[in-house]
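Asks: So the protein lines, in turn, are chains A and B. Residues 1 to 343 (the numbering used here) make up the first sequence, in order. Residues 1001 to 1346 (the numbering used here) make up the second sequence, in order.
For the record, the hints were derived by calculation from the structure and aren't laboratory data. A couple of the hints might just be wrong.
[Said to hold, decoys possible] Partial list, derived from the structure: chain A residues whose beta carbon lies under 8 Å from chain B:
| id | residue |
| --- | --- |
| 1 | Ala-57 |
| 2 | Ser-81 |
| 3 | Phe-134 |
| 4 | Ser-198 |
| 5 | Pro-212 |
| 6 | Arg-289 |
[Said to hold, decoys possible] Short, incomplete list of chain B residues facing chain A, as computed with Cβ under 10 Å:
| id | residue |
| --- | --- |
| 7 | Ser-1112 |
| 8 | His-1195 |
| 9 | Leu-1281 |
Note that the Cβ used here is the ideal one computed from N, Cα and C, for glycine as well.
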Amino acid sequence: MEKKLTTLIDKALSRRSFLAGSSTLAAATVIAGCSSGTDYVPPTPTPTPTPTTPTDADYLNYALNLEYLEAQFYLYAATGSGLAAADIAGGASSGYTTPGTLTAGSAAQVPNLTPAQQQILNEIAYEEQSHVRFLRSALGASAVAMPSIDLSFFGPLAVAAGITTAATGTGSFNPFSSFDYFLVGAFIFEDVGVTAYSGAAGLLTDKTVNLPAAAGILAVEAYHAGYIRTSLTGRAIAAAGASPATAYPYLAAANQVAALRATLTVGDSAAPSTTGSVETDLILPTSVRTASAIVAADPTHAVGFARTVNQVHHIVYGSATVGVKSGGFFPSGTNSIFATTTA
Amino acid sequence: MANQETQLLDEIIVTNRRKMLTLGASSLAALVLGASSTKAEAATVAYTDTDILNFALNLEYLEANYYYLAAFGTTIDVANAASTAANAPLISLTGTVGTAGTVSGGSAVPFSTITVGSYAVETAVEEGKHVQLLLSALGPTVAVAQPAINLGTSFQTLATAAQIPGGAAFSPYASDETFLVGAYVFEDVGVTAYHGAAPLLTSAANLGTAAGILAVEAYHAGLIRTTINYLDPTATGIASYTNLISTLRATLSQAGLLGVAPGTFDPAPDDYGLATFNVSLGASANVTATRLTDANPANVVAFSRNTTQVLNIVTGGGAVSGTTAVSPATGVFFPNGMNAGPNGFR
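Bound conformation, chain A alone (with noise of 0.2 Å):
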């Protein structure tokens, strides 16, 4: 299976390296970090060792480092532009006090959004930015900086879940070039987050302040991916029943991503959700008798997925590979005692 994705990713580093021209080094950080497994350097100075037992503040900065990532997405999809300054500097003692770069590829408003899509955009953007200012909020001068992060990431990342050309219709993958492909985007993000915080939510030793506010958080990240998944699954059924029935290659590409999921949903295998698959497959219902699958959950008790901190870095570094320190989405690792995967 490392292998396959080894290979798999090769193809989309190449890819990525041929449509990133002149972001060389980013590619090469991924290269580094995610096929050949050695341990990239990289330029922010690596804390301390990792302690036995993590803080809650460590769990916190890690859930920040991912909702760096998705606002950054949803702020520039719903405006164009990012974070404010003001949202990414790091606290006085969180050891990262410097921001990292952003990788802005591609990204950009997304283009004829109907003004409905334009609020669902701008609310999903406003929440996700509302989520690193509470955390920040909450973890004070501990507060890690954003890492740097990599935008440009979702090209290599959809090719190796192997979205092709073809299968999304003209031109590569650009989740900020139409609607379609922004909810393929989203949809990168949004199960994962749930997982991520579903995983984490037990780990919290303070459950007056921190674990109820995890599990709100896990709540909204749900609500989100509710959203996403419903609104794949509801064009989906509107492209089949228009006359003539039309494909609508985004629900397939949406399952390609999820099986990449799947495939870097690697490690911790005492963990819950590695005992069985983490996801489920959008699906095209074709009656109004037969099921849709809008809910990621286990078949037999329809509870929602969890994943460790290590599955998620797998994840957003597009690689299955154990120590890696950085890649994919954070060319320079998260800025978390969990940066480097260890399982």
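Given the coordinates of chain A, assemble chain B onto it according to the supplied hints.
Replies: Same frame as chain A, but now just chain B:
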């Protein structure tokens, strides 16, 4: 499983005590449960782990029957061709605690769109599985029986209270649109109920299960709100009803705080319908946003409710009299109240 669940519930209890302690003595005095001394107060928190899981089970009975009736035209304990074709679990009503009741009202919705029909089928199956999970986790001697559930006239009572136009004749089983409104009544409440319970669990394994169900309820809520928004983007029809329902829920929920200044729970309003609101993004000024997520607009953390707040919503105000909690709370969806162990729910 039962052991895990038991641990989970023990943790809930510990957390409840902590929350009560944080309210302070004067606030506690206002609580029907409470006494002003810490020692006595701890003793009055009589919920067991099992109680909390049974509370969730009552809610899942309600939700599952609504979706089974709408999608298949049958209750969760009676299979028919439609439920069998959808592989919906046939629930054996093995719970024995309390008084078994019947489900009244409800009928198959004549779905006209694949979109809404398929969502109903999916949700029915998932809520059925939640009932199965809780029943098996608790075991038949500990699990509550399915209480009397009103899924007919209850909607008219609620719609009238919410001031939905034509509320006295409102039926969620009439069309795709009305089915969505009926579903809207439940899903956000499920999110807040699990959110209120999850932090009380001390076992990571049990907490994981609760968090996973919380996620599923939020997926459902997102699904419902998204679909209503797509069908009525200008909020002139069913989307406007969501505002009315959320306002009613917020009112009932705040009454459930029993006049105590909210500590760990949210101040009013703790519920928002689909009306748009204005936000600032990055360096951008005010822009208009939908409200597909039901969360605190200040920090965008989902709302959380305690058992009294949830009870007051699902009984249409039956859980509170003045500043006193009523137990058993009866009304609307639970005409005889929820089934509970010896401690009851309040």
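Asks: Checked against the structure, which of the hints given earlier come out wrong?
Replies: Number 1 - this is the single hint that the structure violates.
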